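Protein sequences appear in the order of chains A and B.
When we follow the working numbering, the leftmost residue of the first sequence carries the number -11, and every step to the right adds one.
When we follow the working numbering, the leftmost residue of the second sequence carries the number 881, and every step to the right adds one.
Simulated from the structure, these hints should not be mistaken for laboratory data.
A portion of the hints provided could be inaccurate.
With a straight-line cut-off of 16 angstroms between C-alpha atoms, the simulated EDC-like cross-links for lysine to aspartate or glutamate are [unchecked claim]:
hint: 1; chain 1: B; residue 1: K892; chain 2: A; residue 2: D59
hint: 2; chain 1: A; residue 1: K117; chain 2: B; residue 2: D1072
hint: 3; chain 1: B; residue 1: K979; chain 2: A; residue 2: D118
Quick caveat, the model's predicted, so the values are computed rather than measured.
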Amino acid sequence: MSGEHKIELTVNGRKIGAAVSPRLLLSDFLRDTLGLTGTHIGCEHGICGACTILFDGQAARSCLLFAVQTDGHEIWTIEGLSETGAIADLQEAFGKHHALQCGYCTPGMLIAAHDFLNTHSSPSSEAIKDGMSAVLCRCTGYWNILAAVSEVASSEHRRMKAAEASSTSRIAPS
Amino acid sequence: MKPAPFEYFSPKTTKAALELLAAHRSDARILAGGQSLVPLLNFRIARFKYLIDINGIPELAYIKLESDILRIGALTRYRAIETSPTVADAAPLLFEATKWVGHLPIRTRGTIGGSLAHADPAAEYAAVMLALDGRVVLQSEKGARTLDAGDFIQGMFSTALAADEMLVEVRIPRARNNQVFGFEEFARRPGDLAVMGIAVRLDFDGDRVETARIVSLGGQDGACRIPEAEAEIQSRPLSAERIENASRAASDIDTHADIHATGALRQHLCGTLVRRVLGRAKEAQPSPRA
Chain A
-11 MSGEHKIELT VNGRKIGAAV SPRLLLSDFL RDTLGLTGTH IGCEHGICGA
39 CTILFDGQAA RSCLLFAVQT DGHEIWTIEG LSETGAIADL QEAFGKHHAL
89 QCGYCTPGML IAAHDFLNTH SSPSSEAIKD GMSAVLCRCT GYWNILAAVS
139 EVASSEHRRM KAAEASSTSR IAPS
Chain B
881 MKPAPFEYFS PKTTKAALEL LAAHRSDARI LAGGQSLVPL LNFRIARFKY
931 LIDINGIPEL AYIKLESDIL RIGALTRYRA IETSPTVADA APLLFEATKW
981 VGHLPIRTRG TIGGSLAHAD PAAEYAAVML ALDGRVVLQS EKGARTLDAG
1031 DFIQGMFSTA LAADEMLVEV RIPRARNNQV FGFEEFARRP GDLAVMGIAV
1081 RLDFDGDRVE TARIVSLGGQ DGACRIPEAE AEIQSRPLSA ERIENASRAA
1131 SDIDTHADIH ATGALRQHLC GTLVRRVLGR AKEAQPSPRA
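Produce the complete structure using the sequences and hints provided.
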């Protein structure tokens, strides 16, 4: 059926219903239909990674998924992850280390880094390089991107954040 | 850069998918992980009237070990394979090779069945299947057949799949204690398609190599065993001299040239990777039991 298909999905924590043509790419659905233009489109064939989103909690290329395939699934984009604070550490580190130049690849970089750090508890610098090669930066600002991700990956950083969280919870009114 | 229009089906069972495939045959294409197919559709290098999306068929995604055979459902994703203790134990070569496939966000979606059915000559899994004497199960409405990987893979983007058949399962013999495996590839950047890669399996009988599988990927029309290199190390202890001979034989294969590398560079890489992987295999060789 090349006519429109009804889909129901969750985007950034909100339930959404839509009718989509099968050939509509998820990247176009997010940007054009939902107005979530934080998901950037670079190559449209899965190489550059600018359009990386979370599909059921795992990083995936939104240009290689059709919107119709997201029926019943959960999508997070850079907008939602920024709102919830899920990637706040990475965003802070990217700022501190000047890990963005033109910014075009940044949403993909952040989401790829987020997924990588979720699945790698104490990655070596080689592993971080390998993991972050999932997204291309045409400004070639890789050095600072690696510095930012390495900082968030470091055990020291994680200990500090954990300590902050527990001290906050101790003083928070119950 | 947008796909041409197509009709979309999302069957919930293998049976329903096979019925659709029988009805539409070569007008239809199975959509699995989509990491190779969707780029081809986006660029309109390929177009199909019908796409049969099998992502909604959970019965096609599984990893199980039964009677010393590792069975992996066609829809099993790279990411499930690279994090599976069962695969790590029963098929260490498949486990190792998976880390060389694309990048994590690609491995989130890409599937073992999709990789084998697409038959990209630079794909890792076809080489792994040849090295491990793996088999594939092809199913149609009429029934199922099981083929050796060597009979299934027929060249560049070409397999033994008939128009009404779908690859449903991959079978790999469980690794044994007398086996050593190795995998390495060369690409311009991590995650790129391999310019050249090598998968190796050696079965030892004491200190002798009883069976050798040396398989190349990326250099020819498809993953391909290198019998000349295998013969150099077969039935003998693995020595530095033998490894050198195998490396030389491997650098004699016919390779193709393209924008990424000349044929001569691929030959050089083939010999070098064989030397490197066999050298590591020699170190990892199981000590002969008294």
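- [ ] Return the numbers of the hints above that this structure violates; sort them in rising order.
- [x] none
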